[in-house]
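We have chain A already, so just place chain B on it with the hints.
The lines below spell out each chain.
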Amino acid sequence: MKKDLEVAGYAVLPLQFPKTSSAKAATHYMYLRAHEPRIPDEDTPRSMFIVNVPIDTTETHLRHLFGTQLAAGRVERVHFESVPTKKNQAALPQANVGGGGSKAKKRKRVTADELESQLEEIALPAVWDRPLQKSGAHAVVVFVDQPSMEASLKAARKAARKAVSGSKKIVWGEGLDEDRVPALGLERYLFHSQARYPSRGELLRTVNDFMTVFEQVAESRKREAARKAQEPDEDGFVTVTSGPKLADATHEDEARELIEKQKKKQEGLDDFYRFQSREKRKERQHELLRKFDEDKKKLADLKRRKGKFAPE
Amino acid sequence: MSSHSFKRRRLSHSTHNAVPGAQIAEKNGSTMNLHLESPHESMPMKATQNSEVPAVSTKRQGTHNVTAELALASGVYKSSYFKLQMDELLSELRPNYDRHVAKLQGTLHQLKSIIEHIPEKPPQSAWEAEKELRSKHGITVPFPEPRPDRETKYPFTYAKPTNVNVVGSLSLQTGAKSSIPLMVDLAVTMPSAIFQEKDYINYRFFHKRAYYIATIAAGIKAAAGLDLHVKFALQDGDSLRPVILIEPITSTKSGNMSSKLRIRVITAIEETLFPVSRTIPLRNNIRQGAADSSISERATPVYNASLRSEATVALYHKYIHSNIRKCESFKDACILGRAWLQQRGFGSSYQSGGLGGFEWTALMSLLLEGGGPNGKPVLLKSYSSYQLFKATLQFLAGRDLTNPLALFIADLSFPGGSPVLYDGKRGLNILYKMTLWSYALLRREADVTVRMLNESRDDNFDKVFILKANEPLLRFDRLIELPALSSGSSLQDLQSQNMIHEVLVRALGDRAGLVYLRGCVTEPWPVDTRQNCKTAPGHLVVGLALDAENATRVVDHGPAAEHKDEAASFRSFWGEKAELRRFKDGSIRESLVWLDLATAPSIINQILSYILKRHFNYTDFDIKIVGDEFDETLRNNGDGVVSYSSPPFQKIHDAFNSLQRSVQDMDGVPLTTRHLAPADPLLRYTALRLKSAPNVPCGPVDIVLQFESSARWPDDLVAIQMTKLAFLVKIGDYLQSSGAAHACKTGLEDVSSRILNTAFLDITHSSNVLFRLRIHHDREQLLLERHLKDRDGHPSMRQELAYALSEYKRQFVQAPRLTQAIRTLCTRFPLLSPTIRLVKHWFSQHLLTGQIREETVELLVVRVFTQPYPWGTPSSIMTGFLRTLQLIARWDWQQEALIVDFGTLDKAAVEVIQTRFSAWRKIDPAMNTVSLFVASDLDPDGVTWTQYEQPSKVVAARMCTLAKASMAMLRDHGYGFDTTELFRTSLAPYDFIIKLRSKLLYEITTSPTTFNLADRREKLQASGHAVVQSFAHDLRACYSPNILFFHSEMNPGVIAGLWNPQAVRAKGWTLKMAYSTSLTKLEDAEDNDQVVINRPAILNEISRLGSFMIDSIELHGTDKNLT
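In the order they appear, the protein sequences are chains A and B.
Converting from the first sequence to this note's numbering requires adding 3 to each position, the first position being numbered 1.
Converting from the second sequence to this note's numbering requires adding 2 to each position, the first position being numbered 1.
Hints were generated in silico from the structure; no laboratory data involved.
Heads up, some of the hints might be wrong.
[Said to hold, decoys possible] Derived pair list, reagent style DSS-like, types lysine-lysine, alpha-carbon separation capped at 25 Å:
| id | chain 1 | residue 1 | chain 2 | residue 2 |
| --- | --- | --- | --- | --- |
| 1 | A | K306 | B | K653 |
| 2 | B | K223 | B | K133 |
| 3 | B | K966 | A | K306 |
| 4 | B | K262 | B | K105 |
No experiment lies behind these values; they were computed from the predicted model shown.
Bound-form chain A, shown alone (with noise of 0.2 Å):
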């Protein structure tokens, strides 16, 4: 008996893409094993972990994947993630394009109460009818028990075997109903060309839910802030401080001011000693003498680069 189709641990699960219109037919490999997670939670016994999902993966596709062309076991939800480079892609704004909003993360005061929670719901309309995935991106599956999940990576490693010996393909979104998921190609397009200008109410409805969470969020710090100043530490001691933090903008302001102003007066009384000019003469000299070797240096690079120093 052939050995299962394996690397690194992971099942290979060859997916058959369909010929279109300007493609012909091609597989497409997708790599399941079971999440492991470096901090598991109550979740982990029953998700699957999946590298290189295909670029149009929807949950929907997932669900029909496992659900009706595996029939092994019952998704619950779908977690995508995409590969973080070397290079700075993960700068660019695009992974997991037109998810509606990606989750942000929250910056600094990871204490996060329930209402900024609330904050982080209220999602501006969505774009884009659909999101993509970026090319070899994960996908945590969870399953509706950990039974469903073994059955399914067993039923998976059974499809590949037969998919490696040509008996039968697992044929990506087959049977998958039109209606389920939206069209890609020049509809996504044109959808996104008119989703992009949300209704006025819309956006006018997102704002106020969020200002008005936003206010309750700095309301309930603030009363929280002064709550703190109240409560004495574990020592029993109370800290006084008065005045708003230095930490403000307009404060960072003022002290660099500050600080240029006592620089300024430190000056002055450069040349007044012999010393002092001797020094800096010396100083000067040496300046001098510095740029010149890196004059030097730069010719010296400059003559690696051209070879020969001529007229063109």
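What follows is chain B alone, placed relative to chain A:
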């Protein structure tokens, strides 16, 4: 200062024992040998005393190595770095005289003895002499036109030369290495006995000289054992003075001469043979057709000088030699001068301007003695080579020599019309070969160079000595090629060129700053034939430097009607084109009106073809004008707009101004407006396309609104975005209700991040211009910076913050600033706007626009305009465009920052920018996020427009390769090149091409289309271009950095892709692979974790993503087998 001087002493001491000193002593020794052996030593070489040699050389070496600090302190050199580069250049350019002399000595001695042993010949008539040489020796005497005929009475004799000596740059060691072979001059002094007293008139001297040269040629040809080609050539392109050119036979390498050397046998006469008074410029010495006395009385300065220069060969040799000994840096200054002249296309011959290495050396020698105010010398012998060089250029730039300058002689008058620097001691105008136009060009170049040298900010060394400045297409705004009928006589050629020049200068007036003519060069010809000028039809090239302000003027005002004489001359000059017109101010003037239509050729073109036809009978077929094609290309591809002041640009501007007024007094919005700033190429005259499809408004035009500061803004980045959104809705409401805008729509962008600017307002202005307004809130920057300072942030969050900050600066700070600056520059340089737009077209044609921001392109062109050295500011689209390509081609972007001057760039700013550049290269040595670095005084950061792979390394390299290829094409084809070739791109280098259904995209642009959108039937309209862009954006988001996608607005049907070679290689499988992979081997699964990028599956995905938009995907190269 004590430590300093100690240092210097030590340094100079060490060189005393160094090898170079010894080499120089040897060198001098060997050159000397050559001359000591000549029996008829009359040349000054004898004067080189043996004892002096080492002293001179060590002194030279000593000064050579003066530490740069001292040099800088005393202002001897421009800067220490300049000096270091100059030393390097000099050592590179100094020919190895030792080697040359060793190689040549044998040949020269052989030649010398051959020439001295040619038998004397009795007097013969011209006809007999010619016949004898032809039949006996197979030599055609190179008589200059008009050739002597049977009536010629004076006898032709050959007698043994008085002496034979090496003169010129080799023996003086003033030569410089260059691409053309080093010329060694062997001067043969003709005995006075063969000439008669009156031989200076009517070419008699030159005929006898030609016979003499022919006899020597016969002698050399007859001599056995010489492995050399003997040819005739013209000395300095002067048909009066043919010379013998001796070339090594290249096929056999056995010869003593290397292929890089040429020997030229020139003639000389005794200084006193003809009195100086006979050859002063004002004399007439051509008295043929004496019937017409007025013609015969005309001065013949060129003929006279040509004759006189024969007599001064030895004089100048001696003179220059004495100066070399007097002034130690003289030789080096000569090399600098030669290099400078050569880079600007100047040479000794008439055709290349008449100022070459010899003239430069003579000029410097004279300036050591005089030329300054009150007859004081311009140069001092204590000057460094750089000072000599610069002061000579300053003299050329400052003193207008068309107002003659005579040294060492008084009471001498000159015929006007050419520059004169008359050397009274030797009786020669050393600039006699210069024409008005070559002199004008020389002064222009000298002036630019002096300005370059005076500039303290840049070092400019590269532009003074290294860069080749005489590429005609980069130098002149228009080039005209005319068929020229070479008469075989350089005197006549000069005359006809003078006529053309005069007519063109008068016809163009202030439209052209310079009219430069260049004739064709006579190639050396074999000794057995006559110089044949008829077989190869020559051509005359005219280069024009235009005046950008005046070149496009439609109406020319001539003299007023009441000035009868002037009006008559105007009429006779212009013929039927001249019309009498009454002007608005009431004056009645002669005038010219040219066609100002988009379909007509440019006005310069019209003037040229009209006036050349009228005065010289050139038909349109004869005249070839280069330069208009670029204007044409822009007009065809830039919506018919060339000038920045044309109506479409104006319309957008007016719309902006009216919108600005409406926004200024907006009510119903809680904050007052501080500023509405333009931030779009359409508002700075640099957008290539101005019009869109008929029903679609033009735009969107980015604008930035800033409110007066207020404390009521929230202190949170996300909340700020929300607040902005609310403001935008309010502004939209107001503008729509007040009638300033047809329609307002609030749109969302960059929704994937909550801290980027997420909202904009699309305002369709009543004049059908679509503006896209964003709100600038300056607290954002502060908040972003503060969050960035927090050390405890997650790396990915910090990256997001950094990205947000750079986006903020780009959108709200730099874009408005750049718009303002370029707008101002466009009005100052009328050609900046069209040039930028044409360069954008080039980028677009080569599918680079999706990868390189247009602002980067604009900055490149601005640099060409504000830092134009070594030329002046471009005054045609052609020069602007081609110089930009040259800039890109020469830009070593990995090692150099591009620094653009907007008017306030100073040395300190340059240093700051350089530091930033090296810091970037240190942080990111692989250039993963920043490849190009383009800074300016407005933006010292330098990465605003190029960070985050705009463009990536690969694309930057491709841009340079394309520019280099264009420049190579220009070099190879000269002005005969095809402009369209520059803009044609090949799709072959890409791995695959996605072809889109352009028809479908066009349809959705022009008419609303009904689509089934999840059961909602809606009429939708979108611009096809926007759809392609969204598609390309999706592709990039999904596959970057493993596939590069290229597309452009000009080529909407095509998206080209390139696989990242890193990803195509097989690798061990890891979790971190950010691309779709496939196993290399499926069958034996044992230990096989090698994977490659899954190209078929990705192409299939792309095809699914595009679905019906894609017509086909074409595969190239290795991908072909994927189908």
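Here is what the structure says about each hint:
1. A:K306 x B:K653: This hinted pair is violated, its Cα atoms lying about 52 Å apart.
2. B:K223 x B:K133: Status holds; Cα separation ~17 Å.
3. B:K966 x A:K306: Holds, because 21 Å separates the two Cα atoms, which is no more than 25 Å.
4. B:K262 x B:K105: Holds: K262 (chain B) and K105 (chain B) sit about 11 Å apart, inside 25 Å.
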